[in-house]
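Chemist: Now for the letters of each chain:
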Amino acid sequence: MINPISDQLVELLSQVTGYIYPNEIEVHWSILIVVYPYLTGLVAGAFILASLVKVFNVKELQSVYKLSLLTALAFLLIAPLPLLLHLGHPLRSYEIFLNPNFSSAMAMFGFVYAWYLMVVLLLELWFTYRRDLIVWSESERFPMKWIHRAIALFSTDISERAVNFDKKVVKAITIIGIPSAFLLHGYVGFIFGSIKANPWWSSVLMPIVFLFSAIVSGIALVITLYMIILPFKGEKIDMKCLDRMASFLFYAVIVDFSLELLDFIHRLYESEESIRILSELVMNKLFISLGIIQVLLGMLLPLGLMISIKLFKFEEELRKLLYFVSVILIQLGIFATRWNVVIGGQMFSKSFRGLTTYKMEITGLEGLLMTLLLLVLPLVILAILFKIFPPWKESVPDTGPTLVTGRG
Amino acid sequence: MKRRKFFGKAATLLISSGLLAGMWKKARAKTPEGYDPSLHYYGMGIQIDKCIGCGSCVEACKNENSVPREPFYFRTWVERYTIGKDGGAVVQNIDARLAVSRDIISEKEIIRSFFVPKLCNQCDNPPCVQVCPVGATFMTEDGVILVDSERCIGCRYCIQACPYGARYIHPDTMTADKCTFCYHRLTREMLPACVEVCPTQARIFGDIRSKASPLARFKRMNKLHVLKPSLNTEPKVSYSELDGEVR
Numbered sequence: 001m002i003n004p005i006s007d008q009l010v011e012l013l014s015q016v017t018g019y020i021y022p023n024e025i026e027v028h029w030s031i032l033i034v035v036y037p038y039l040t041g042l043v044a045g046a047f048i049l050a051s052l053v054k055v056f057n058v059k060e061l062q063s064v065y066k067l068s069l070l071t072a073l074a075f076l077l078i079a080p081l082p083l084l085l086h087l088g089h090p091l092r093s094y095e096i097f098l099n100p101n102f103s104s105a106m107a108m109f110g111f112v113y114a115w116y117l118m119v120v121l122l123l124e125l126w127f128t129y130r131r132d133l134i135v136w137s138e139s140e141r142f143p144m145k146w147i148h149r150a151i152a153l154f155s156t157d158i159s160e161r162a163v164n165f166d167k168k169v170v171k172a173i174t175i176i177g178i179p180s181a182f183l184l185h186g187y188v189g190f191i192f193g194s195i196k197a198n199p200w201w202s203s204v205l206m207p208i209v210f211l212f213s214a215i216v217s218g219i220a221l222v223i224t225l226y227m228i229i230l231p232f233k234g235e236k237i238d239m240k241c242l243d244r245m246a247s248f249l250f251y252a253v254i255v256d257f258s259l260e261l262l263d264f265i266h267r268l269y270e271s272e273e274s275i276r277i278l279s280e281l282v283m284n285k286l287f288i289s290l291g292i293i294q295v296l297l298g299m300l301l302p303l304g305l306m307i308s309i310k311l312f313k314f315e316e317e318l319r320k321l322l323y324f325v326s327v328i329l330i331q332l333g334i335f336a337t338r339w340n341v342v343i344g345g346q347m348f349s350k351s352f353r354g355l356t357t358y359k360m361e362i363t364g365l366e367g368l369l370m371t372l373l374l375l376v377l378p379l380v381i382l383a384i385l386f387k388i389f390p391p392w393k394e395s396v397p398d399t400g401p402t403l404v405t406g407r408g
Numbered sequence: 001m002k003r004r005k006f007f008g009k010a011a012t013l014l015i016s017s018g019l020l021a022g023m024w025k026k027a028r029a030k031t032p033e034g035y036d037p038s039l040h041y042y043g044m045g046i047q048i049d050k051c052i053g054c055g056s057c058v059e060a061c062k063n064e065n066s067v068p069r070e071p072f073y074f075r076t077w078v079e080r081y082t083i084g085k086d087g088g089a090v091v092q093n094i095d096a097r098l099a100v101s102r103d104i105i106s107e108k109e110i111i112r113s114f115f116v117p118k119l120c121n122q123c124d125n126p127p128c129v130q131v132c133p134v135g136a137t138f139m140t141e142d143g144v145i146l147v148d149s150e151r152c153i154g155c156r157y158c159i160q161a162c163p164y165g166a167r168y169i170h171p172d173t174m175t176a177d178k179c180t181f182c183y184h185r186l187t188r189e190m191l192p193a194c195v196e197v198c199p200t201q202a203r204i205f206g207d208i209r210s211k212a213s214p215l216a217r218f219k220r221m222n223k224l225h226v227l228k229p230s231l232n233t234e235p236k237v238s239y240s241e242l243d244g245e246v247r
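Listed in order, the protein sequences are those of chains X and S.
Anchor point for the first sequence: position 121 equals 121 in my numbering, and the numbering is continuous, going up by one each time.
Anchor point for the second sequence: position 194 equals 194 in my numbering, and the numbering is continuous, going up by one each time.
Do not take every clue at face value.
[Unchecked claim] If the Cβ cut is set under 7 Å, some of the chain X residues that face chain S in the computed set are: (1) I5; (2) Q8; (3) L9; (4) E24; (5) K59; (6) S63; (7) L87; (8) G88; (9) H89; (10) S93; (11) N99; (12) S104; (13) M106; (14) K196.
Please keep in mind that the hints were generated in silico from the structure rather than gathered at the bench.
Ideal placement from N, C-alpha and C gives every residue a C-beta, glycine not left out.
Just chain X, same shape as in the assembly:
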């Protein structure tokens, strides 16, 4: 009996060019593994934007602080899903916690993830919202009242001392959070960068490139959300905040672009054994996703737009439009970046003599529909989080204690 997986692979045989090792016909890390670094990148980027407010005191960004934090959380909650769905034995995934192999970069996933979720994001969110939650629950009805009280862990102390303590803790967590965000995404880059068998991946720059592209995509996402949500709520976009975010995005794109350019030049200049097959890969298999989408549409065009905004003092509406186009293009570009790394790295043979093809399924566990679902799911979670932790609701003035007394 022919296995359905084998059946699909037979079709690919005729599309191989040159020679590949026979076991290489299957592209082992599918579109889901493209989605995974894309999602964690958004998490790390959104968090770093949030930390700009707390650690570096960028006051203009105060109004997106909570939005960034919630965005990071919503995407982090979904990030492990593509990994889980991709496993041959998802039910054995607990082994990674029980029997971690400490020499494996991947085994560290559980620890890095748990650290980031528990110690950084949830704690920071809790201390940020604790006072608000208590105050809100006072004037609310069931069930919101109880949800908020439960999330505040039934704490009731909103004395000045307690609130000041919250603020201090938030700052401390953010300071731990920045290296943690670097760790989270740098580590994902390391998973690829440390594979010496694969010259497309094996590069010491990989974690750093991942990190900066993460920052780029995270900031771009928060800008997109900000520009979509505010008009829907009938509120005006704060141009100072938008300009400032776009400015950070601009510098992040420049760093990211320079790093990738450096990587490219370095490879060409060193011209190692693999250079011929990698050139073939780029010119044949990745021409559209790398040349056109990642570099031209995802980087150069938005860079040009943002430079023109900086050079010419466009009026507000045009500026908004250009920003919006830029962030959408950047988002597309970063997704293409992930694709080119993950899928591109598997389309050439380790014999350096041939190329294979990746055929994406439409339905199925690792198909296009699942991918779209995984990309939409974080937004659904974000909408729920907005209900529980309204990011726009102004904090009640600090004279709080008179509102709630005699409880506990």
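Guided by the hints, dock chain S onto chain X, whose structure is given.
Modeler: Chain S alone, transformed into the frame defined by chain X:
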């Protein structure tokens, strides 16, 4: 009181982490009674000039180890190299279903041609073992790299890490699979199936540390080379008469 409470909690934490640590197990190979792995350290030698490309080894391997019959699951395979006068090389798998006719060099243009049997190199510095997140891929005491299919979670990181393309996901078990040097035969004092059936004795198997054996003689009589030495994987499969075109 507070201090007592603290110590109580600390003790609970210690005990529970101890319990968790107790669940941490190393994967092990099953061997028949009486077999002592510490007495062996296996390796293979391949004499390229002796290989006639008959494919018996591939067939024997598929039969012995229930490797799926499709032309893209192989624990061992044989490559045919045809090198033209202009230096260009054409490589093909000898499996007829994989040989692509459009790449063939015309007879007059061929300068040399040879077969290269490939299999897992059973590296002494194995990247697959290094990257396996759950320790399902491991090295036995006698030097063979095995996969514990009960533990493998099917993440495929080992496949990415193997420079030789020696691994695949078995379509029935959905776990990583590869050459085991026929470990189930070794522990019963038999040779790997591919070695046993090779009509020209192009494959020589034995204990790397033995002083008088076919493998020791092979190592004494030939100039040896391994595949992709620059990656420092330290293969235990070595080749004689290996051409520079072979990767």
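Chemist: Run every hint past the structure and note whether it holds.
Modeler: Taking the hints in turn, this is what the structure says about them:
Restraint check, X:I5 versus chain S: the minimum CB separation of about 5 Å is within 7 Å; hint holds. Contact between X:Q8 and chain S, as hinted, is not supported at the beta carbon level, the nearest pair being about 10 Å apart and thus beyond 7 Å. Because the beta carbon of X:L9 sits about 6 Å from the nearest beta carbon in chain S, less than 7 Å, this interface hint is met. Given the 7 Å rule on beta carbons, the hint for X:E24 holds: about 5 Å separates it from the nearest Cβ of chain S.
Checking X:K59 against chain S: minimum C-beta separation of about 42 Å lies over 7 Å; hint violated. Interface hint at X:S63: violated, since its Cβ lies 41 Å from the closest Cβ of chain S, which is beyond the 7 Å cut-off. Hint status for X:L87 relative to chain S: holds, with the closest Cβ pair at about 5 Å, below 7 Å. Contact between X:G88 and chain S, as hinted, is supported at the beta carbon level, the nearest pair being about 2 Å apart and thus within 7 Å.
The interface hint given for X:H89 holds, since its Cβ lies 5 Å from the closest Cβ of chain S, which is under the 7 Å cut-off. Nearest Cβ of chain S to the Cβ of X:S93: about 6 Å, under the 7 Å cut. The hint holds. Proximity of X:N99 to chain S holds as hinted, the smallest CB-CB distance being about 5 Å (cut-off 7 Å). The criterion of a C-beta within 7 Å of any C-beta in chain S is met by X:S104, whose closest approach is roughly 5 Å, and the hint holds.
The beta carbon of X:M106 is positioned within 7 Å of a beta carbon in chain S (closest approach about 4 Å), and the interface hint is therefore held. About 6 Å separates the beta-carbon of X:K196 from the nearest beta-carbon of chain S, less than 7 Å, and the hint is met.
Going down the numbered hints, you'll see the structure goes against 2, 5, 6, while the others check out.
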